[in-house]
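Student: Sequence:
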Amino acid sequence: MSILNLFRKKRNIVYFMSFDNNVDFIKKLAAKKPKNSRLLVYYRSNTEAAATDLAAYGIITRPFKDNVSFVLGKIPKVMSARLIFCDNYYAFLGGLVKTPKMKVVQLWHANGAIKKFGWEDPTTNDRTTSDKKRFESVYDKFDDYIVSSESMGQVFERSYHAKANQMKLLGYPRSDELFDDEAIQASRDRIFRSAPELKGKRVILYAPTYREDGNFKLPNGVSNALTSDPNSIVVIKLHPVVQDREDKVREVRNPRIRFYHQFSTNDLLTVTDTLVTDYSSVVFDFSLLKNAKSVIFFMYDLERYRQDPGIQNDFLDWLPDKPLLTVKELAAAIVADQPSDFQEFNKRWNTFNDGNASDRVIEHYLQNF
Numbered sequence: 008m009s010i011l012n013l014f015r016k017k018r019n020i021v022y023f024m025s026f027d028n029n030v031d032f033i034k035k036l037a038a039k040k041p042k043n044s045r046l047l048v049y050y051r052s053n054t055e056a057a058a059t060d061l062a063a064y065g066i067i068t069r070p071f072k073d074n075v076s077f078v079l080g081k082i083p084k085v086m087s088a089r090l091i092f093c094d095n096y097y098a099f100l101g102g103l104v105k106t107p108k109m110k111v112v113q114l115w116h117a118n119g120a121i122k123k124f125g126w127e128d129p130t131t132n133d134r135t136t137s138d139k140k141r142f143e144s145v146y147d148k149f150d151d152y153i154v155s156s157e158s159m160g161q162v163f164e165r166s167y168h169a170k171a172n173q174m175k176l177l178g179y180p181r182s183d184e185l186f187d188d189e190a191i192q193a194s195r196d197r198i199f200r201s202a203p204e205l206k207g208k209r210v211i212l213y214a215p216t217y218r219e220d221g222n223f224k225l226p227n228g229v230s231n232a233l234t235s236d237p238n239s240i241v242v243i244k245l246h247p248v249v250q251d252r253e254d255k256v257r258e259v260r261n262p263r264i265r266f267y268h269q270f271s272t273n274d275l276l277t278v279t280d281t282l283v284t285d286y287s288s289v290v291f292d293f294s295l296l297k298n299a300k301s302v303i304f305f306m307y308d309l310e311r312y313r314q315d316p317g318i319q320n321d322f323l324d325w326l327p328d329k330p331l332l333t334v335k336e337l338a339a340a341i342v343a344d345q346p347s348d349f350q351e352f353n354k355r356w357n358t359f360n361d362g363n364a365s366d367r368v369i370e371h372y373l374q375n376f
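Everything in the sequence shown is counted per this note's numbering, starting at 8 for the first residue and increasing by one.
FYI, nobody ran anything at the bench for these hints, they're computed from the structure. Here the structure is a predicted model, which is why all the values come from computation and not from measurement. There may be inaccurate statements among the hints.
[Claimed, not checked] 16 Å max Cα-Cα, derived EDC-like pairs, lysine to aspartate or glutamate: (1) Lys-108 / Asp-151; (2) Lys-206 / Asp-321; (3) Lys-139 / Asp-151; (4) Lys-175 / Asp-321; (5) Lys-122 / Glu-370; (6) Lys-297 / Asp-348; (7) Lys-208 / Asp-280; (8) Lys-105 / Asp-60; (9) Lys-110 / Asp-60; (10) Lys-35 / Asp-73; (11) Lys-122 / Asp-321; (12) Lys-297 / Asp-308; (13) Lys-297 / Asp-150; (14) Lys-40 / Glu-370.
Assemble the whole structure, with the sequences as input and the hints as a guide.
Tutor: Shown next as structure tokens:
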């Protein structure tokens, strides 16, 4: 289908959205694009609310699914793009026939990486030859990778077999909101209006990542450990992939453990004093906020996670605090409430995140559009 549409004039911009954290960037892109071009956003179902917001702003949005309808109806429109932004791995790219006038840019959804992915994922070696060829065909379609640090660039070089000159040290547009004091205060006000019980309390956000086998559950005793500080309220925010398991987690009856569906993780980070997480990329965002006091890495299944999906080999060298493996250690860390030093961590991973990344990215890609 892409071959049949190679003739289409390349004048448009296409954005494939599987995460809702680049809405402001997309709006800026729409405002600055050339007048003779169109911006089309294809969104996955989990970002429908963000797509509705973009549509209200006047941006063309269409649902995205990996199916025949997309191939027949949407690939012709994709082939009119001169610039394609992706915020994740999109398998259809493996079959797309590009022309020299098309550029595909990976706008990854995280500032850094604790987990391994791509070719570094240990389970990739067990995949079939056809699977590996498909992966490679997708990775080969990316012309550029927007990154916020040399460290993240090196992760992509290893994970996608990319070249160093493909890494564009521009910073992540999604990080800009973490430097916007007015937006942060608005988020805090919104949360405190809906959840006044959080005011004056130490807010502990427990934000674990998902497990590939889908068997995530709270370890025994973890709810008591999380609430070890009597002046705290614990907010649990599960990864979207395992959101359907929240009902099971809610069976833990504790009045100081709360769930707030109406708020995004980024919103909750603005009122968080202590972040408890594991292998999630949320720490790379939290570390940029002025209210970030401490982070606790509760990695109770560390050895298992090393095997699948894998952890960056040098992660112990740069984590702000050492990982904790037991519920007893977690409880002690909650009570101790020791501040974390994010300075070196941010130098390594957030080097070019300064609140102006969106402007740099737009200028870089539209100056010769």
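Student: Determine for every hint whether it applies to the structure shown.
Tutor: Going down the list of hints, with the structure as the test:
1. With a CA separation close to 14 Å, the supplied pair Lys-108 and Asp-151 stays within the 16 Å bound.
2. Simply put, Lys-206 and Asp-321 have alpha-carbon atoms about 38 Å apart, too far for the 16 Å limit, and the pair is violated.
3. With a C-alpha separation of about 21 Å, the suggested pairing of Lys-139 with Asp-151 is violated against the 16 Å cut-off.
4. As the CA atoms of Lys-175 and Asp-321 are separated by approximately 23 Å, the hinted pair breaks the 16 Å bound.
5. Between Lys-122 and Glu-370 the CA atoms are separated by roughly 31 Å; this puts the pair beyond 16 Å, and the hint is violated.
6. About 12 Å separates the Cα atoms of Lys-297 and Asp-348, which keeps this hinted pair within 16 Å; it holds.
7. A threshold of 16 Å between alpha carbons decides the hint, and for Lys-208 with Asp-280 the separation of about 9 Å falls inside it, so the pair holds.
8. For the given pair, Lys-105 sits about 31 Å from Asp-60 by alpha-carbon distance, which is inconsistent with the 16 Å threshold.
9. At roughly 26 Å between alpha-carbon atoms, Lys-110 and Asp-60 are farther apart than 16 Å, so this suggested pair is violated.
10. Between Lys-35 and Asp-73, the direct Cα distance comes to roughly 28 Å. Violation of the 16 Å bound is thereby established for this hinted pair.
11. A C-alpha spacing of about 11 Å is found between Lys-122 and Asp-321, which places the hinted pair at or below 16 Å, so the restraint holds.
12. A hinted pair counts as satisfied when its Cα atoms are at most 16 Å apart, and Lys-297 with Asp-308 does not qualify at roughly 30 Å.
13. Of the pairs offered as hints, the one joining Lys-297 and Asp-150 is violated, with about 35 Å between alpha carbons and a cut-off of 16 Å exceeded.
14. Of the supplied pair hints, the one linking Lys-40 and Glu-370 holds, its CA atoms being roughly 10 Å apart against a limit of 16 Å.
Of the numbered hints stated above, those contradicted by the structure are hints 2, 3, 4, 5, 8, 9, 10, 12, 13, listed in ascending order.
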